[in-house]
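Undergrad: One-letter residues, chain by chain:
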Amino acid sequence: DAGVIQSPRHEVTEMGQEVTLRCKPISGHNSLFWYRQTMMRGLELLIYFNNNVPIDDSGMPEDRFSAKMPNASFSTLKIQPSEPRDSAVYFCASTPMGNQPQHFGDGTRLSIL
Amino acid sequence: TQLLEQSPQFLSIQEGENLTVYCNSSSVFSSLQWYRQEPGEGPVLLVTVVTGGEVKKLKRLTFQFGDARKDSSLHITAAQPGDTGLYLCAGSRGSNTGKLIFGQGTTLQVKP
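Going down the list, the sequences are from chains A and B. Letter by letter, the first sequence follows residues 43 to 155 of my numbering. Letter by letter, the second sequence follows residues 16 to 127 of my numbering.
Calculated from the structure, these hints are not laboratory results. It is possible that part of the hints are untrue.
[To be verified] Think about it this way: if two alpha-carbon atoms lie no more than 25 Å apart in a straight line, the pair counts; the simulated BS3-like pairs of lysine-lysine are:
hint : chain 1 : residue 1 : chain 2 : residue 2
1    : A       : K120      : B       : K114
2    : A       : K120      : A       : K66
3    : B       : K126      : A       : K110
Owing to the predicted nature of the structure, the values given are computational and were not obtained by experimental measurement.
Excised from the complex, chain A in its bound form (with noise of 0.2 Å):
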């Protein structure tokens, strides 16, 4: 069964640049997750979505930050401009429903220089 898939696994690049990172959830799930981890601060709930409706962005750092979901099986995550400080590893993960366990993809590397 294929999991969460994200794309690209690495990304560099240099600061002020767009930047989009994707997601696919495990067909069938109705809640998607993006997550943010870093060393000083561990693994960081960004948003969250259930349906493909937003239901909380309170971890979104800043306005530089959105997140979209236009159907059931994509997302993205996007940074403009991208900062140094936005270097990290960013993972999706997706769920069937409410507090089901959840299903992490192997994440985004970061790294704004």
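We have chain A already, so just place chain B on it with the hints.
TA: Chain B only, in chain A's frame:
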């Protein structure tokens, strides 16, 4: 504010030793999950505990949920190099949204 405190943050032991990782909070959770993460991969669920005082075993791993549902522990017996990884606890407040609060994680290294 870190709602879930894990300890220790780092642990390096020899193969065959036992260890316990703790996950503590002042808040009550409806359930608590433990994940294990290997380098370059996402976290993978090990277990979910729901009832206060609940104990679950997964081979050499024993998970316990505190009676008040504010804390949990993970005990590994006779650790093996394959147990090396980052262990994360995550609590749910039970809002049925699936939103989890993660601890900072415990990095475990088991040396052969």
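Undergrad: State for each hint whether it applies.
TA: Structure-based check of each hint:
| no. | hint | result |
| --- | --- | --- |
| 1 | A:K120 / B:K114 | 21 Å, holds |
| 2 | A:K120 / A:K66 | 15 Å, holds |
| 3 | B:K126 / A:K110 | 43 Å, violated |
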